[in-house]
Amino acid sequence: MFGGFVLTYYSVDNLQTIFIETSNVFVRVGVILIFVFTLFIIIRYLLLIFFSVFQMIKRSAEEELYLDKSHAVSIIVPCYNEQEGIVASLKSLMNQTYPNIEIIVVDDGSSDRTYELAKTFEFNDGIKSLRVLSKPNGGKSRALNYGIQRASGDLICDVDADSKLDPFAIELLVQHFKDEEIAAVAGSVKVINDDTFITKLQSLEYIEGLNMVKNGQAFLKLVNIIPGPIGMFRKDALKKVGYYSHDTFAEDCDITLNLIAHGYKIDFEPDAIAYTEAPEHLLDLLKQRYRWTRGILQAIKKHKKHLWHFRKNKALFFVMWYMLFEAIFWPFMQLWGDLFMIYLALSTGTSQLLVFWWIMFTVLDVAGAVYCLLITKERLSLAFYSTIYRLAFITIINVAKIFATIEEWFAIDMTWGKLERKGRIG
Amino acid sequence: MNLLSYLSFLILTITLLTMVFGVVAYFLYKAREKKKGGNKISYEEALQQEGEELLFFTKE
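Residue numbers (the working numbering), protein chains in the order written: chain A, 1 to 426; chain B, 1001 to 1060.
The set of hints was computed from the structure by calculation and includes no laboratory data.
Please note that the accuracy of each hint is not assured.
[Said to hold, decoys possible] Per the computed footprint, the stretches of chain B lying under chain A, defined by three or more beta-carbons under 8 angstroms from a beta-carbon of chain A, are: (1) 1004-1015; (2) 1021-1035.
[Stated by the list, open to error] Examples of chain A residues toward chain B, derived with CB under 7 angstroms: (3) ILE342; (4) TRP358; (5) LEU391.
We treat Cβ as the ideally placed atom computed from N, Cα and C, and that holds for glycine.
For reference, chain A alone in the conformation it holds in the complex (with noise of 0.2 angstroms):
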């Protein structure tokens, strides 16, 4: 962290060397723009971490012996063509700790062998239960909306057909409604298959995600996105929201929105853990992020309003704006932020502002992986990957952003496309 600041002063110090040298006014506007998104980006480490470690230091101090098992709860898990780990998922959703648990499998008109795998688990003991819904197929939110209609427990968690929970899950999930303003709660999501390079980017990703970004979100209760592989809902909150709405291609993060504008608060949990599985081909990668990033943006569009309103609900206009920050401002800022280091490089020698500038973001990058990993107690051999993550992942990412951002503004059609999966969860 240390590095990271004297990186930052040496790289502050060259760029106002050069406002001062040129007259240029293209290049001094450059240099304003750098300026201002450095300073973005390290306020935006400094804070996610140090809320990280509050909460946590919060977590360790309100650790309680009693165990909240008063809910009922129902899972529902709707499915498309899962065939690949839908049986996994239903084996992990039965082996639960908590004992008062109603899984709901929503098969969305699949064309292939769920429905049949699935409806063998059927099963009734009066405690817990497991049954099976078949519907036309019509999208995950109609499918959720489908489940959860027919549920009869007060809590919904809702669970990704090709991801598996560890089984403490729904009862870490549980005792976070103690709080009667928590509408929902995340969970922790891990990548199963972290063996190949692509995959194992995206674990250090997911780890730094949730760990930097939701836990540093969670001591502000104000989490923006409940991830579809692990998400727990008061029913009532979601029937007050009128339940998934159908015009975005995240309705995870669009049901969140709604809930923060509804005045609720949500936590995370960090240890209730799904485990998933991530795309292991570049272009499927790219496939993943184009829709999510199409999708928040969609969310963003739709509760647009409260991006100019900021008495109206204060926790919606931090959220809004720090979602756009991330969705739109960082990723294009991080291009240009390289081609204009390359520009000056190119056109006045000073090769060393690139190097800081890079040397800078990398050591941030490794400090924040070197914390995430020490308290997931992950492996640390992973942090080697920060670099490589620096370097070129995070470009390949920006451009595929970029491209859905504008194909988003434009609005040109797109369709869901359903990630091929390879059944690592089993």
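Since chain A is already given, all that's left is putting chain B on it; use the hints.
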């Protein structure tokens, strides 16, 4: 060539190559999706578009 210049050249080259690779990969992804024909619609959707009129399928 001193160390800073060498590193600068290395980062510059990798950054430029990665950007080009990112753009190429994105268009490859779009081409693959187009080839897959992601716009297929279900019978129910086709029926809805046709205003509940009867649909006739012809043999090619």
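The hints, checked one at a time:
no. : hint      : result
1   : 1004-1015 : holds (count 9)
2   : 1021-1035 : holds (count 9)
3   : ILE342    : holds, 5 angstroms
4   : TRP358    : holds, 5 angstroms
5   : LEU391    : holds, 6 angstroms
Consistency with the previously given hints is maintained throughout, with no hint failing.
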